[in-house]
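Participant: One-letter residues, chain by chain:
Number of protein chains: 2
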Amino acid sequence: MIDKRTPISVPEAQKRVMDAAKRGTQKEWVPITQADGRTLAEAVYADHDIPPFDRSPLDGFAVQSEDTKNATSETPVYLEVMETVGAGHVAKPVTKPGQAVRVMTGTMMPEGCDAICMFELTNEVIKDGKTYIEVKRSFKIGDFVSFKGEETKKGDALMQEGTLITPGVKAVLATFGYATVPVTKKPKVGIFATGTELLEVNEPMEPGKIRNSNAYMVASQVENAGASGQYYGKLADDFDACYKAIKSSVENVDMLITTGGVSVGDFDFLPAIYEKLGATVLFNKIAQRPGSVTTVAELDGKLLFGLSGNPSACFVGFELYTRPAISMFLGSKTPYLTQTKATLTKDFPKANPFTRFIRSEIGYKGDGTLTTGPVGFDKSSTVTSLAHTSCFTVLPGGSRGFEAGDQVDVLLVDGPRSAQSLVLPKKD
Amino acid sequence: MIDKRTPISVPEAQKRVMDAAKRGTQKEWVPITQADGRTLAEAVYADHDIPPFDRSPLDGFAVQSEDTKNATSETPVYLEVMETVGAGHVAKPVTKPGQAVRVMTGTMMPEGCDAICMFELTNEVIKDGKTYIEVKRSFKIGDFVSFKGEETKKGDALMQEGTLITPGVKAVLATFGYATVPVTKKPKVGIFATGTELLEVNEPMEPGKIRNSNAYMVASQVENAGASGQYYGKLADDFDACYKAIKSSVENVDMLITTGGVSVGDFDFLPAIYEKLGATVLFNKIAQRPGSVTTVAELDGKLLFGLSGNPSACFVGFELYTRPAISMFLGSKTPYLTQTKATLTKDFPKANPFTRFIRSEIGYKGDGTLTTGPVGFDKSSTVTSLAHTSCFTVLPGGSRGFEAGDQVDVLLVDGPRSAQSLVLPKKD
Chain A
1 MIDKRTPISV PEAQKRVMDA AKRGTQKEWV PITQADGRTL AEAVYADHDI
51 PPFDRSPLDG FAVQSEDTKN ATSETPVYLE VMETVGAGHV AKPVTKPGQA
101 VRVMTGTMMP EGCDAICMFE LTNEVIKDGK TYIEVKRSFK IGDFVSFKGE
151 ETKKGDALMQ EGTLITPGVK AVLATFGYAT VPVTKKPKVG IFATGTELLE
201 VNEPMEPGKI RNSNAYMVAS QVENAGASGQ YYGKLADDFD ACYKAIKSSV
251 ENVDMLITTG GVSVGDFDFL PAIYEKLGAT VLFNKIAQRP GSVTTVAELD
301 GKLLFGLSGN PSACFVGFEL YTRPAISMFL GSKTPYLTQT KATLTKDFPK
351 ANPFTRFIRS EIGYKGDGTL TTGPVGFDKS STVTSLAHTS CFTVLPGGSR
401 GFEAGDQVDV LLVDGPRSAQ SLVLPKKD
Chain B
1 MIDKRTPISV PEAQKRVMDA AKRGTQKEWV PITQADGRTL AEAVYADHDI
51 PPFDRSPLDG FAVQSEDTKN ATSETPVYLE VMETVGAGHV AKPVTKPGQA
101 VRVMTGTMMP EGCDAICMFE LTNEVIKDGK TYIEVKRSFK IGDFVSFKGE
151 ETKKGDALMQ EGTLITPGVK AVLATFGYAT VPVTKKPKVG IFATGTELLE
201 VNEPMEPGKI RNSNAYMVAS QVENAGASGQ YYGKLADDFD ACYKAIKSSV
251 ENVDMLITTG GVSVGDFDFL PAIYEKLGAT VLFNKIAQRP GSVTTVAELD
301 GKLLFGLSGN PSACFVGFEL YTRPAISMFL GSKTPYLTQT KATLTKDFPK
351 ANPFTRFIRS EIGYKGDGTL TTGPVGFDKS STVTSLAHTS CFTVLPGGSR
401 GFEAGDQVDV LLVDGPRSAQ SLVLPKKD
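Protein sequences, first through last, are from chains A and B. Using our numbering, read the first sequence as starting at 1 and increasing by one per residue. Using our numbering, read the second sequence as starting at 1 and increasing by one per residue.
So that you can see chain A by itself, here it is in the shape it has in the complex (with noise of 0.2 Å):
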């Protein structure tokens, strides 16, 4: 237990927190058309060659080079086209000079072929009940043919281990024949909201009180990691009641997360109850806004989120600290948001000792910039600008404010991962 508080900065609580996330070791199979979201617990490895064999790329005619040698517009070539095949099918071996073979997109070269001529290329001509070609070019060996193994050899790799599962994924799991998909297990992530004032969401208002809305979008949060979330319930102000729920919910979970309960107010229950359970605290304070009482505990290779009970708080929370873990967990390369730099739209004239990550919009330019906007009230509590946060600006501690036109960090909720974890913008 970790008595004084002393703020660590968001890079260092990064760090304790990946230092002690695990990776799961649990695989498991599930249908291919269920694998949507999930990550790839091995990686995959090509077991044929793409294309598979040497085929036609387009409509046309397959035809041997040699017969072609000598052909020009003024002294064309006639070939007799032996039949016709599509795609699936496979043609009888051409055996002698002068034979062609109609084929369509994909079909693969007629045996004794060795270049493709396109539909566009030639005229087809009736002679004595036969059809023939009038090829007026000539064409080299492997002229238009597309060749077995030239876009993916036997054994290449393909896609690494903990990678998310994508439609463009299944495309290629579809080829090398993945009817079932070995992913890693999701993750349990048990939740609880605390706090006395929390009314449900089927709840009436009442004087004094707020409705739960942390739960609902940690779950939410959770889900989209790509871990599976079983929410609790709320606990009220309570401690004994709040530490047995705890204490018996952390035995069914690979991680847990509570909202609310983290400050220093007189039922701020979680450092007392990680305490009791005999976890070891990683850090209860980090030099953010909002959010700096998130506090992140371990306790038997379980990782124990006490995210803040101020919704904004807990998004930003959840964000850089649980994410991560969950991504890791699943064997991911890249857990982290991705961080980049955009013109702020917005002057914040007021400094903070703390970086401050405030939610906002990101919007790209035509130019191939990009800029960086609040969505709403700048308050820990707030909780309706969640609802449009698409990154984070990140605004370094300091003893000066920032203007309209600056470049600033920003950390993007809403696109690709990164493997590079949080680097501290630079401070005045």
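In case anyone wonders, no lab produced these hints; they're calculated from the structure. One should not assume that every hint holds.
Same chains, same names: a pair is fine if it fits in one copy or spans any two.
[As the list claims (entries may be wrong)] As a list, the in silico PhoX-like pairs of lysine-lysine whose alpha-carbon atoms are at most 20 Å apart:
id: 1; residue 1: Lys153; residue 2: Lys379
id: 2; residue 1: Lys379; residue 2: Lys154
id: 3; residue 1: Lys333; residue 2: Lys365
id: 4; residue 1: Lys148; residue 2: Lys379
id: 5; residue 1: Lys365; residue 2: Lys426
id: 6; residue 1: Lys188; residue 2: Lys302
id: 7; residue 1: Lys365; residue 2: Lys15
Starting from the known structure of chain A, fit chain B onto it as the hints suggest.
Facilitator: Here is chain B on its own, set in the frame of chain A:
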């Protein structure tokens, strides 16, 4: 039926699709816990203020500012602490001068109090069995109070119709008591893969055949876009069977996707099927690579997407035309992929008369600029690159190639969506 294939531009093709696309009219209510990824069927307005009452944003003491007007370090004021009140409880009114209430973060302001003195600014002292706080500074009315409605006022428009339900959106929905959420019924999108060459994912490889990857990929794209995919299986190259299967399934879906069969090969039956169905072909040739033969038709108000059978072309066709139509059905105001500019990381020496959509990976640089580079073999038939595609590099058609370092257009496959359809990059 359009007989001659005259290529139209991508923006024109997008416009024809969106002019024909329908907004879904059926609303359904789903539990908030199952609302992720759905879209709001109606706008959401605040039915109460946020915060719903004046409250303390921190752990401290609610005071009467009038009591503190002469307080300094030299002449501190002592206020009697009447009770301790946690969030969710309602304090007894303060009725006499010199009284204060110990309150926690989120506690409703006690009646009679008008400012908050945080823990850190005061000391508690016990005298004659009563608890007092020593206040060494003055407070103005409203100091450190979070006011009713300061974040959001009753009646404020919070989220528009067609908003995608994300974790942040759920926080707002929970706050306003949406135990069930009004969402637009998902469009049902039927999927056929055509081609005798196709093997199902669980079938062993055979000469001349390839596995069906498009159906799994497209089904995943359909779900990702917020629709409900129904895979009807693969169709061999037989006109009557294809016609019957497509005709009977159109009646049961809101949109129909086929992959393959739209080119000029002998077994490319889709054009004739559209004609026999009496469908209106919106276009059957687009000045794009890959996917120039992408064909879209309309029948009884339903869109029929004839995507290419080549995986990369199929993927691109879906993202450019089908995804926006699904988003439109769901009421989204941002149905298109976001377009921006990035620095090309690789040479593309060959010119192409058509606009190219190269499957690429977007890079976010530390300085706020973007890079884009191809993620594999660049052919219409390529499948493996799709696993790594996070953007399309958009190279305008023309007579020149492109070099690493050029600023080029990109469409973000993985990222926020846009209200703006493709704006063709300038040709040389």
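Participant: Using 20 Å as the alpha carbon limit, work out where Lys365 and Lys426 are close: within a copy, between copies, both or neither.
Facilitator: This pair counts as between: shortest inter-copy Cα distance 16 Å, intra-copy 25 Å.
Participant: Check Lys365 against Lys15 for me: Cα-Cα at most 20 Å, and say if that holds within a copy, between copies, both or neither.
Facilitator: For Lys365 and Lys15, neither the intra-copy (33 Å) nor the inter-copy (22 Å) Cα distance is at most 20 Å.
Participant: State whether the alpha carbon distance between Lys153 and Lys379 is at most 20 Å within one copy, between copies, both, or neither.
Facilitator: Answer is between; shortest inter-copy Cα gap is 16 Å, intra-copy 54 Å.
Participant: When no copy is specified for Lys379 and Lys154, does a C-alpha distance of 20 Å or less occur within a copy, between copies, both, or neither?
Facilitator: This pair counts as between: shortest inter-copy Cα distance 19 Å, intra-copy 55 Å.
Participant: Taking 20 Å as the upper bound on the Cα-Cα distance, should Lys333 and Lys365 be classified as within, between, both, or neither?
Facilitator: Between copies only: 18 Å across, 29 Å inside.
Participant: Have a look at Lys188 and Lys302 and pick one of within, between, both or neither, based on CA distance no larger than 20 Å.
Facilitator: Cα proximity of Lys188 and Lys302: one copy only (11 Å, versus 42 Å across).
Participant: Using 20 Å as the alpha carbon limit, work out where Lys148 and Lys379 are close: within a copy, between copies, both or neither.
Facilitator: Between copies only: 14 Å across, 60 Å inside.
In terms of the numbered hints stated before, the structure departs from hint 7 and from no other.
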